[in-house]
Amino acid sequence: VDPIGNIFIVPFFQVRNLPVPSKPSVIASSLTTICSGLSVNLSISENAGKVLWNTGSTLSTIEAKNQGDYKVKTWNKFECFSEFSSATKISVVDNPTPPLVSYLSPYFLTGGQKTSDIDFNWSLNNVAIATEKGSNLRVKMSGRYSVYASKKYIDGPTCLSPTFDIAYTLPLDGGLSIFPNPAGNLVTIQSVSSLQGSEFTIYAMDGRQITQGKISQDGSYVMNLAGINAGNYKLVLKTNDQLYTKTLIISN
Numbered sequence: 024v025d026p027i028g029n030i031f032i033v034p035f036f037q038v039r040n041l042p043v044p045s046k047p048s049v050i051a052s053s054l055t056t057i058c059s060g061l062s063v064n065l066s067i068s069e070n071a072g073k074v075l076w077n078t079g080s081t082l083s084t085i086e087a088k089n090q091g092d093y094k095v096k097t098w099n100k101f102e103c104f105s106e107f108s109s110a111t112k113i114s115v116v117d118n119p120t121p122p123l124v125s126y127l128s129p130y131f132l133t134g135g136q137k138t139s140d141i142d143f144n145w146s147l148n149n150v151a152i153a154t155e156k157g158s159n160l161r162v163k164m165s166g167r168y169s170v171y172a173s174k175k176y177i178d179g180p181t182c183l184s185p186t187f188d189i190a191y192t193l194p195l196d197g198g199l200s201i202f203p204n205p206a207g208n209l210v211t212i213q214s215v216s217s218l219q220g221s222e223f224t225i226y227a228m229d230g231r232q233i234t235q236g237k238i239s240q241d242g243s244y245v246m247n248l249a250g251i252n253a254g255n256y257k258l259v260l261k262t263n264d265q266l267y268t269k270t271l272i273i274s275n
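Take any residue in the sequence shown, note its place counting from 1, add 23, and you have its number in the numbering used here.
Do not take every clue at face value.
[What the hints assert, rightly or not] Each pair of labels, with its calculated beta carbon distance range: (1) Thr84 <-> Pro194: 53 to 61 angstroms; (2) Gln265 <-> Thr192: 40 to 48 angstroms; (3) Asn159 <-> Thr55: 32 to 40 angstroms; (4) Lys261 <-> Thr120: 35 to 43 angstroms; (5) Ala249 <-> Leu123: 47 to 55 angstroms; (6) Ile177 <-> Gln232: 54 to 62 angstroms; (7) Asp178 <-> Gly236: 13 to 21 angstroms; (8) Leu82 <-> Asp188: 38 to 46 angstroms; (9) Ala151 <-> Leu266: 14 to 22 angstroms.
[Stated by the list, open to error] List of simulated lysine-lysine pairs, DSSO-like, C-alpha gap at most 27 angstroms: (10) Lys88 <-> Lys112; (11) Lys137 <-> Lys156; (12) Lys237 <-> Lys261; (13) Lys94 <-> Lys137; (14) Lys88 <-> Lys163; (15) Lys112 <-> Lys96.
Don't read these hints as lab results, they were simulated from the structure.
Note that this is a predicted model, so its numbers are computed, not measured.
By construction, the Cβ of each residue, glycine as well, lies at the ideal position given by its N, Cα and C atoms.
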């Protein structure tokens, strides 16, 4: 009733607190540190009617490719929004530079320089050579060789480079290469077998022993021919698994 006697009837109002969705959480399908070019799926942990990510997506699962913070909120049939979830940080790390394969010498391929945290993974005709992780590869047969680089990040993924392929044909030299031949004071020898622990002997054509020696490590061995007269000689190389003979011409 107002001061002059008018009677008003006020309708009854019922105030009701509408339910607010709980703060959601995010589940990642894998590590949240990813290699460049890859992705990780992020999903909301709860069953929610409507979803909104800070990227603008309204899907319950999204594919995260870019570095940054991802979070999501939900809302219900009353149009009440939850809080944003805690941020899930996605970090993107670089892939290693791909190897560039070339012929290092008759029996070696090289993938180029690499740092100590990089492995080179070699294959022959699509079969992995599991024991080889270095820059250089000893090749013992013809075929198609391939290599890719890999890098294992601490508490993170292993990232891979593209693969480089090269066709290789074993030289027709009986498993032992001498160059240059004819030689001057120095000659380089390489073998399809490991040179580590091998022994060499140079003979004159009449069978006289001219010199001999041992090779302590694998790879290329440079032999000093100084003091040996010009002429034709026989080089005999005994490795751990084979005996090789080659004619050596000295022209100094």
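Against the structure, the hints:
As the Cβ distance of Thr84 to Pro194 is approximately 56 angstroms, the hint placing it in 53 to 61 angstroms holds. As the Cβ distance of Gln265 to Thr192 is approximately 20 angstroms, the hint placing it in 40 to 48 angstroms is violated. For Asn159 and Thr55, the hinted distance range of 32 to 40 angstroms is satisfied, since their beta carbons lie about 36 angstroms from each other. A hinted range of 35 to 43 angstroms for the beta carbons of Lys261 and Thr120 is consistent with their spacing of about 41 angstroms.
Our hint of 47 to 55 angstroms for Ala249 and Leu123 is violated, since their Cβ atoms are close to 37 angstroms apart. About 57 angstroms separates the C-beta atoms of Ile177 and Gln232, a value consistent with the hinted range of 54 to 62 angstroms. About 50 angstroms separates the C-beta atoms of Asp178 and Gly236, a value inconsistent with the hinted range of 13 to 21 angstroms. Between Leu82 and Asp188, the C-beta spacing of about 39 angstroms keeps the proposed range 38 to 46 angstroms intact.
Between Ala151 and Leu266 the CB atoms are about 31 angstroms apart, so this pair departs from the stated range of 14 to 22 angstroms. About 12 angstroms separates the Cα atoms of Lys88 and Lys112, which keeps this hinted pair within 27 angstroms; it holds. A distance of roughly 11 angstroms separates the Cα atoms of Lys137 and Lys156; the hinted pair therefore holds under the 27 angstroms criterion. For the hint pairing Lys237 with Lys261, the CA-to-CA distance comes to about 10 angstroms; that is within 27 angstroms, so the pair holds.
Taken as a hint, the Lys94 and Lys137 pair is broken in the structure, with Cα atoms around 38 angstroms apart against an allowance of 27 angstroms. For the hint linking Lys88 to Lys163, the alpha-carbon distance of about 42 angstroms lies beyond 27 angstroms, and the restraint is violated. Between Lys112 and Lys96, the direct Cα distance comes to roughly 16 angstroms. Compliance with the 27 angstroms bound is thereby established for this hinted pair.
In this structure, the hints that do not hold are numbers 2, 5, 7, 9, 13, 14, in rising order.
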